[in-house]
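Trainee: Below are the chains, spelled out letter by letter.
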Amino acid sequence: GENVEQHPSTLSVQEGDSAVIKCTYSDSASNYFPWYKQELGKRPQLIIDIRSNVGEKKDQRIAVTLNKTAKHFSLHITETQPEDSAVYFCAATRGAQKLVFGQGTRLTINP
Amino acid sequence: SQTIHQWPATLVQPVGSPLSLECTVEGTSNPNLYWYRQAAGRGLQLLFYSVGIGQISSEVPQNLSASRPQDRQFILSSKKLLLSDSGFYLCASKRPSTDTQYFGPGTRLTVL
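So the protein sequences, as listed, match chains A and B.
Just so you know, we're using our numbering here: the first sequence kicks off at 1 and counts up by one.
Just so you know, we're using our numbering here: the second sequence kicks off at 1001 and counts up by one.
One should not assume that every hint holds.
Below, in silico cross-link-like pairs of lysine-lysine (DSSO-like), each with a Cα-Cα straight-line distance of 30 Å or less [what the hints assert, rightly or not]:
hint: 1; chain 1: A; residue 1: 58; chain 2: A; residue 2: 68
hint: 2; chain 1: A; residue 1: 71; chain 2: A; residue 2: 37
hint: 3; chain 1: A; residue 1: 22; chain 2: A; residue 2: 37
hint: 4; chain 1: A; residue 1: 71; chain 2: A; residue 2: 58
hint: 5; chain 1: B; residue 1: 1079; chain 2: A; residue 2: 37
hint: 6; chain 1: A; residue 1: 42; chain 2: A; residue 2: 98
hint: 7; chain 1: B; residue 1: 1080; chain 2: A; residue 2: 57
hint: 8; chain 1: B; residue 1: 1079; chain 2: A; residue 2: 57
hint: 9; chain 1: A; residue 1: 57; chain 2: A; residue 2: 22
hint: 10; chain 1: B; residue 1: 1080; chain 2: A; residue 2: 42
hint: 11; chain 1: A; residue 1: 37; chain 2: A; residue 2: 98
hint: 12; chain 1: A; residue 1: 57; chain 2: A; residue 2: 42
Worth flagging that the hints you see were computed from the coordinates, not collected in a lab.
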């Protein structure tokens, strides 16, 4: 079945710098890749997603890139701000109904 | 847009007691519904999902069960809780023919 590996598990960056989180997946049939942000004690919230027919998608300071050949996708956050501090999860589809999640990355933005 | 409710928000239960967590969805019909568990500081583990009333798929063998008595209601149950059942339980909903899952606010369960 689908397996999603996420790195790094923790990431600390200075405010204003960029952060990159990477995920790899195993199932070549996966065709949808969402990213969720989870603040402490809250629900995961979708921040950006990408489909397999697109190589890159951008929404203000957040972008996601997908390399289907290598089976990896990445989240890029530019000009980081303290409110970007959270745990980020990547995911990939498994079949038509399910998502498989990465283990999460705890991002800390240092002022 | 869809709205997902979960009840209760927090729960403290003794080992061996029963459990019932409820999830209801507004704003969509015939959603796919999911139960996830998140242990402290950990990732999201899919427990059950349902594509329709009375249709339940179990992902992990355990002492939990799920039911879907109505189109937009999903219930997670246990007859006897274990210490290892503690965690943050999240319900998620996906509209038919779409890919995106949206999460409810969660129930924080502590088993003592």
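Trainee: All the hints need checking, so say for each whether the structure fits it.
Mentor: Against the structure, the hints:
Of the supplied pair hints, the one linking residue 58(A) and residue 68(A) holds, its CA atoms being roughly 18 Å apart against a limit of 30 Å. A threshold of 30 Å between alpha carbons decides the hint, and for residue 71(A) with residue 37(A) the separation of about 22 Å falls inside it, so the pair holds. Distance check on the hinted pair: residue 22(A) and residue 37(A) sit about 14 Å apart at the alpha-carbon level, within 30 Å; holds. Note on residue 71(A) and residue 58(A): the hinted pairing holds, with a Cα-Cα distance of about 19 Å set against a maximum of 30 Å.
For a cut-off of 30 Å, the pair hint linking residue 1079(B) to residue 37(A) is broken: about 33 Å separates their Cα positions. Restraint check for residue 42(A) and residue 98(A): satisfied, since their Cα atoms lie roughly 22 Å apart, inside the 30 Å limit. For the given pair, residue 1080(B) sits about 46 Å from residue 57(A) by alpha-carbon distance, which is inconsistent with the 30 Å threshold. Proposed proximity of residue 1079(B) and residue 57(A) is contradicted: the alpha carbons are some 46 Å apart, above 30 Å.
Pair hint residue 57(A) plus residue 22(A) holds up; C-alpha atoms about 15 Å apart against a cutoff of 30 Å. Of the pairs offered as hints, the one joining residue 1080(B) and residue 42(A) holds, with about 27 Å between alpha carbons and a cut-off of 30 Å not exceeded. As the CA atoms of residue 37(A) and residue 98(A) are separated by approximately 19 Å, the hinted pair is consistent with the 30 Å bound. Only pairs whose Cα atoms come within 30 Å are accepted, and residue 57(A) paired with residue 42(A) is accepted, the gap being roughly 26 Å.
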